[in-house]
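Note that the protein sequences, when read in sequence, are chains A and B. When we follow this note's numbering, the leftmost residue of the first sequence carries the number 1, and every step to the right adds one. When we follow this note's numbering, the leftmost residue of the second sequence carries the number 1, and every step to the right adds one.
Don't take each hint at face value.
[Unchecked claim] 25 Å max Cα-Cα, derived BS3-like pairs, lysine-lysine:
(1) A:57 - B:68
(2) A:57 - A:18
(3) A:71 - A:55
(4) A:3 - B:5
(5) A:18 - A:53
(6) B:37 - B:68
None of these hints come from the bench; they were simulated from the model.
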Amino acid sequence: DVKVTQSSRYLVKRTGEKVFLECVQDMDHENMFWYRQDPGLGLRLIYFSYDVKMKEKGDIPEGYSVSREKKERFSLILESASTNQTSMYLCASSLREISGNTIYFGEGSWLTVV
Amino acid sequence: DQQVKQNSPSLSVQEGRISILNCDYTNSMFDYFLWYKKYPAEGPTFLISISSIKDKNEDGRFTVFLNKSAKHLSLHIVPSQPGDSAVYFCAASAHQDNNNDMRFGAGTRLTVKP
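The shape of chain A in the complex, shown without the other chains (with noise of 0.2 Å):
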């Protein structure tokens, strides 16, 4: 079973600070995704990695930054945290070639700015 694991479930944090949230998958995995869910938007794709050290913006990248250092490991940083991105992060994996496979997400974590 592919899995995928958020560190943090749960967090609060004040404006202003810098928050990392972080991600590991256990399936070898090229791809690895990050992503925020907001009611009535959907999933949207915030940052996608598909090889170690190499990064792609998705659709909402503006307040982020990632860092994939090892393959199973993308970690998604908030530089100055606001209130807007009080929401919940999902962190998925697949492998390279999406196409024909699914991706695996893992449990989320709810994050709240005070």
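Chain A is fixed; fit chain B onto it per the hints.
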């Protein structure tokens, strides 16, 4: 620009009846379509998929239909069970190198009443 649209935010059906969830897409390059199911406070889990070379895929109580000319797909659940109550996301991807084109709809909340 939402490339995958689920126009019904919610759907309520009686236990034992059919649930039909709809999804439309705009990008003609999409060639692989998936449905994910999400319970509260959990990550989405893969439910069923269909390739663009097919028009129907069935897995137990779940059937996905694809109408390429209309750029429309639907998920049928027969018979519906209370445990099917969840948010269902439609997703689509395109075949290309290093692709990050896994796009999700906004989701439809299904409630199955006993």
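Practice problem: Please work out if residue 3 of chain A and residue 5 of chain B have their alpha carbons no farther apart than 25 Å. | Solution: violated (29 Å)
Exercise. Take a quick look at whether residue 57 of chain A and residue 68 of chain B sit within 25 Å of each other, Cα to Cα.
Key: Violated. Residue 57 of chain A to residue 68 of chain B sits at ~29 Å, over the 25 Å cutoff.
Exercise. Decide if the proposed pair is consistent with the structure: residue 37 of chain B and residue 68 of chain B, CA atoms, cutoff 25 Å inclusive.
Key: holds (23 Å)
Self-check item: 25 Å limit on alpha-carbon distance, applied to hinted pair residue 71 of chain A and residue 55 of chain A
Solution: holds (12 Å)
Practice problem: For the pair we were handed, residue 57 of chain A and residue 18 of chain A, check the Cα-Cα distance against 25 Å. | Solution: holds (20 Å)
Self-check item: 25 Å limit on alpha-carbon distance, applied to hinted pair residue 18 of chain A and residue 53 of chain A
Solution: holds (21 Å)
Checked against the numbered hints listed earlier, the structure breaks hints 1, 4; every other hint is satisfied.
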